[in-house]
Amino acid sequence: MNKIHNRQVICEVLMEHAKDDKDIVVLCSDSRGSASMTPFFDNFPEQSVETGIAEQDLVSISAGLAKVGKKPWAASPACFLSTRSYEQAKVDVAYSNTNVKLIGISGGVSYGALGMSHHSAQDFAAMAAIPNMRVYCPSDRHQTGKLVEALLKDTKPAYLRVGRNPVEDVYTEGNVPFEMDKATVISEGTDVLIVACGEMVLPAKEAGEALAREGISACVLDMYCLKPLDTKTLLEKAKNVKAVITIEEHAPFGGLGASVAQCLVENDPKKAKLLALPDSPVITGVSKEVFDYYGLNCEGIVKAAKELLA
Amino acid sequence: MSENLKKTAYELRDYTLDLIYGAKTGHMGGDFSEAEIMTALYFGVLNVDPKNPEDPGRDYFILSKGHSVEMYYAALTKRGFLDADDVMNRYSRFGSPYIGHPNNKLPGIEMNSGSLGHGLPVSVGIAKGLQMDGKPNRVYVLMGDGELAEGSVWEGAMAAAHYKLDNLTAIVDRNRLQISGPTETVMHHDDLAARFTAFGWRVIVTEGNDIDALLKAFAEAKTESNGVPTVIIAETTKGKGVSFMENKAGWHHKVPTAEEYAMAKKELAAKIAELSEEVTA
Numbered sequence: 008m009n010k011i012h013n014r015q016v017i018c019e020v021l022m023e024h025a026k027d028d029k030d031i032v033v034l035c036s037d038s039r040g041s042a043s044m045t046p047f048f049d050n051f052p053e054q055s056v057e058t059g060i061a062e063q064d065l066v067s068i069s070a071g072l073a074k075v076g077k078k079p080w081a082a083s084p085a086c087f088l089s090t091r092s093y094e095q096a097k098v099d100v101a102y103s104n105t106n107v108k109l110i111g112i113s114g115g116v117s118y119g120a121l122g123m124s125h126h127s128a129q130d131f132a133a134m135a136a137i138p139n140m141r142v143y144c145p146s147d148r149h150q151t152g153k154l155v156e157a158l159l160k161d162t163k164p165a166y167l168r169v170g171r172n173p174v175e176d177v178y179t180e181g182n183v184p185f186e187m188d189k190a191t192v193i194s195e196g197t198d199v200l201i202v203a204c205g206e207m208v209l210p211a212k213e214a215g216e217a218l219a220r221e222g223i224s225a226c227v228l229d230m231y232c233l234k235p236l237d238t239k240t241l242l243e244k245a246k247n248v249k250a251v252i253t254i255e256e257h258a259p260f261g262g263l264g265a266s267v268a269q270c271l272v273e274n275d276p277k278k279a280k281l282l283a284l285p286d287s288p289v290i291t292g293v294s295k296e297v298f299d300y301y302g303l304n305c306e307g308i309v310k311a312a313k314e315l316l317a
Numbered sequence: 092m093s094e095n096l097k098k099t100a101y102e103l104r105d106y107t108l109d110l111i112y113g114a115k116t117g118h119m120g121g122d123f124s125e126a127e128i129m130t131a132l133y134f135g136v137l138n139v140d141p142k143n144p145e146d147p148g149r150d151y152f153i154l155s156k157g158h159s160v161e162m163y164y165a166a167l168t169k170r171g172f173l174d175a176d177d178v179m180n181r182y183s184r185f186g187s188p189y190i191g192h193p194n195n196k197l198p199g200i201e202m203n204s205g206s207l208g209h210g211l212p213v214s215v216g217i218a219k220g221l222q223m224d225g226k227p228n229r230v231y232v233l234m235g236d237g238e239l240a241e242g243s244v245w246e247g248a249m250a251a252a253h254y255k256l257d258n259l260t261a262i263v264d265r266n267r268l269q270i271s272g273p274t275e276t277v278m279h280h281d282d283l284a285a286r287f288t289a290f291g292w293r294v295i296v297t298e299g300n301d302i303d304a305l306l307k308a309f310a311e312a313k314t315e316s317n318g319v320p321t322v323i324i325a326e327t328t329k330g331k332g333v334s335f336m337e338n339k340a341g342w343h344h345k346v347p348t349a350e351e352y353a354m355a356k357k358e359l360a361a362k363i364a365e366l367s368e369e370v371t372a
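Protein sequences, first through last, are from chains Z and L.
Each residue of the first sequence is one higher than the last, beginning at 8 in the numbering used here.
Each residue of the second sequence is one higher than the last, beginning at 92 in the numbering used here.
Chain Z with its partners taken away, still in its complex shape:
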């Protein structure tokens, strides 16, 4: 089991670059521990800003810093960052077009038993609905590293969600196919297309393998770029299959499934199943228990595929 958290990788990549780029600034709202940003604060105190438990301030201050040429990365629990400071993200970051990178940590149901106040099952929808805001959710530590490297190269606003717990690798060291804003093709297939993001990519990959063993050919896409959605790859792969499945750690509205469905309905309608969390406070439990309960796992995808192809 991999023990390295995606959030830890974000910190490592930022530290690597912060040595040579004094304009890289990390901001936390009493969240440096949960964001794995303590090493950054310890090693780069002059490039660290603590705002206290004040998420609105966190985002506005980030926008102000960007205004004078800084490259701020604001890390705070996704549940608060995507709702408490939503308007700051909308007006001060996206609308004012400031170079702020928002990192939603402990995303989705990562906080498990802490309940709906701490779950962020609406962040994709909320952030994607803002013009000029990009939305990303990487699947493993390797892809997270590549994504942060890519985001460091641009000067546009972005929201990035990562989970709280270390997740199994989807890719292997030295073999991490990555192109910015392009979905990663995990497997090619002609019966069903499975589109996943974040922690759902691994079960999607496993489901593809399980289906193959039963003679069903599945194309699996890691759509870490929710906005801009890679519609080119999506339509290209959808063309070859009879049905499409999406799976995400998010409410059933406005997330990956909704965006994929929107694109398909307009261009190439398909039978589809959109797997997501329910429109209700989720059942109490750790991530795996919650995912299993709602069928957000390999078995759930295999079942959906068989139903669609029956």
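Hint data in this document are derived by calculation from the structure and do not stem from the laboratory.
Misleading hints may appear alongside valid ones.
Okay, derived cross-link-like pairs now, DSS-like style, lysine-lysine, Cα gap no bigger than 25 Å in a straight line [claimed, not checked]: (1) Z:Lys313 x Z:Lys280; (2) L:Lys226 x Z:Lys29; (3) Z:Lys163 x L:Lys196; (4) L:Lys362 x L:Lys169; (5) L:Lys255 x Z:Lys29; (6) L:Lys339 x L:Lys357; (7) Z:Lys234 x L:Lys196; (8) L:Lys196 x Z:Lys160; (9) Z:Lys163 x Z:Lys29; (10) L:Lys307 x L:Lys97; (11) Z:Lys26 x L:Lys226; (12) L:Lys345 x L:Lys357; (13) L:Lys169 x L:Lys255; (14) Z:Lys249 x Z:Lys189; (15) Z:Lys280 x Z:Lys239; (16) Z:Lys163 x Z:Lys153; (17) L:Lys307 x L:Lys226; (18) Z:Lys310 x Z:Lys246.
Ranges between beta-carbon positions, derived for each pair [said to hold, decoys possible]: (19) L:Ala289 x Z:Gly76: 27 to 35 Å; (20) Z:Ala317 x L:Ile190: 50 to 58 Å; (21) L:Ser187 x Z:Glu273: 48 to 56 Å; (22) L:Pro273 x Z:Gly76: 37 to 45 Å; (23) L:Asn138 x Z:Thr162: 55 to 63 Å; (24) L:Asn338 x Z:Glu53: 24 to 32 Å; (25) L:Glu298 x Z:Thr90: 36 to 44 Å; (26) Z:Lys246 x L:Pro198: 42 to 50 Å; (27) L:Pro141 x Z:Asp37: 36 to 44 Å.
Predicted model only: the values in this text are computed from it and were never measured.
The C-beta atom is built at its ideal place from N, Cα and C for all residues, glycine as well.
Given the coordinates of chain Z, assemble chain L onto it according to the supplied hints.
Structure of chain L alone, referenced to chain Z:
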């Protein structure tokens, strides 16, 4: 100089009146209360250059009370950032860049605003960034008094004192009226000076429709404060400059009728003529 600036403030009011009357939309009351503040800033305080709006050495100004954008346009046109005729002809019209709140795609406008309570925390970020780089630029932010009910203002106030941002000056346009009525009735905050003091700020209370008093306050705000941010509480009159608009909450965003427009134009013209005589005398 300040005699000229008194006149300038009334010329800005005159332009603002035409702007609002022409487009049939705008926030006259708050525009007029801040006329002297904007005049003092743009013609006496801010180090800004219309020929180089993005000059890294510039002072930063954020209009947090973004609805008072018409006076902002008036100041920016008079100062040479924007074309006066273009703004007059296109303000709030279909497809116009001169929208009803600040638009930072325009030269001289740093940030988009419109939702209240954002300007101070954003200014804290700007001031913090300048401080990190050891730069001498100053940051100014103008807020409304009704706006101070927003909690985010006080998050920003807390952070400014914590980071010791003595390069930051906040100005409160204390006109005592908001859209629903007197600020003290809507949400009491008459102990404003005590509140900012408690948050660790230096407080300067001044007459806010008096150019001389404002310039003095801005000069004081620039003096050494050893890491303490400064707030200027500018005691103003909403609708200042047109007798029938003064101290009337209804003029927050009312558009004058043809008759009211003519009366207001006449009053402003008389005042401008009177101030012109003072200058030549």
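Hint check:
1. Between Lys313 of chain Z and Lys280 of chain Z, the direct Cα distance comes to roughly 11 Å. Compliance with the 25 Å bound is thereby established for this hinted pair.
2. Distance hint between Lys226 of chain L and Lys29 of chain Z is fulfilled; the C-alpha atoms sit about 15 Å from each other, no more than 25 Å.
3. Note on Lys163 of chain Z and Lys196 of chain L: the hinted pairing holds, with a Cα-Cα distance of about 15 Å set against a maximum of 25 Å.
4. A distance of roughly 18 Å separates the Cα atoms of Lys362 of chain L and Lys169 of chain L; the hinted pair therefore holds under the 25 Å criterion.
5. At most 25 Å may separate the alpha-carbon atoms for a hinted pair to count; Lys255 of chain L and Lys29 of chain Z meet this at roughly 21 Å.
6. A hinted pair counts as satisfied when its Cα atoms are at most 25 Å apart, and Lys339 of chain L with Lys357 of chain L qualifies at roughly 19 Å.
7. Simply put, Lys234 of chain Z and Lys196 of chain L have alpha-carbon atoms about 24 Å apart, close enough for the 25 Å limit, and the pair holds.
8. Using a Cα cut-off of 25 Å, the hinted pair Lys196 of chain L and Lys160 of chain Z holds, with the two alpha carbons roughly 23 Å apart.
9. Taken as a hint, the Lys163 of chain Z and Lys29 of chain Z pair is honoured in the structure, with Cα atoms around 18 Å apart against an allowance of 25 Å.
10. In summary, the hint linking Lys307 of chain L to Lys97 of chain L is supported, as the alpha carbons are separated by about 14 Å, within the 25 Å threshold.
11. Restraint check for Lys26 of chain Z and Lys226 of chain L: the C-alpha separation of about 21 Å stays at or below 25 Å, so the hint holds.
12. Between Lys345 of chain L and Lys357 of chain L, the direct Cα distance comes to roughly 19 Å. Compliance with the 25 Å bound is thereby established for this hinted pair.
13. Distance check on the hinted pair: Lys169 of chain L and Lys255 of chain L sit about 34 Å apart at the alpha-carbon level, beyond 25 Å; violated.
14. At most 25 Å may separate the alpha-carbon atoms for a hinted pair to count; Lys249 of chain Z and Lys189 of chain Z meet this at roughly 23 Å.
15. Distance restraint check for Lys280 of chain Z and Lys239 of chain Z: the Cα-Cα separation of roughly 20 Å lies within the 25 Å cut-off, and the hinted pair is therefore satisfied.
16. Of the pairs offered as hints, the one joining Lys163 of chain Z and Lys153 of chain Z holds, with about 17 Å between alpha carbons and a cut-off of 25 Å not exceeded.
17. About 24 Å separates the Cα atoms of Lys307 of chain L and Lys226 of chain L, which keeps this hinted pair within 25 Å; it holds.
18. Our distance criterion of 25 Å between C-alpha atoms is met by Lys310 of chain Z and Lys246 of chain Z, whose separation comes to about 22 Å.
19. Distance hint for Ala289 of chain L and Gly76 of chain Z: a CB-CB separation of about 33 Å, consistent with the stated range 27 to 35 Å.
20. Hint check: Ala317 of chain Z to Ile190 of chain L, Cβ distance near 54 Å, so the stated range 50 to 58 Å holds.
21. Hint check: Ser187 of chain L to Glu273 of chain Z, Cβ distance near 32 Å, so the stated range 48 to 56 Å is violated.
22. Checking the proposed 37 to 45 Å range against Pro273 of chain L and Gly76 of chain Z shows it holds: the Cβ atoms sit about 42 Å from each other.
23. The beta-carbon spacing between Asn138 of chain L and Thr162 of chain Z, approximately 26 Å, falls outside the hinted interval of 55 to 63 Å.
24. A C-beta distance of roughly 49 Å is found between Asn338 of chain L and Glu53 of chain Z, which places it outside the suggested range of 24 to 32 Å.
25. A C-beta distance of roughly 42 Å is found between Glu298 of chain L and Thr90 of chain Z, which places it inside the suggested range of 36 to 44 Å.
26. Our hint of 42 to 50 Å for Lys246 of chain Z and Pro198 of chain L holds, since their Cβ atoms are close to 48 Å apart.
27. Taking 36 to 44 Å as the suggested C-beta distance range, the pair Pro141 of chain L and Asp37 of chain Z conforms, at roughly 42 Å.
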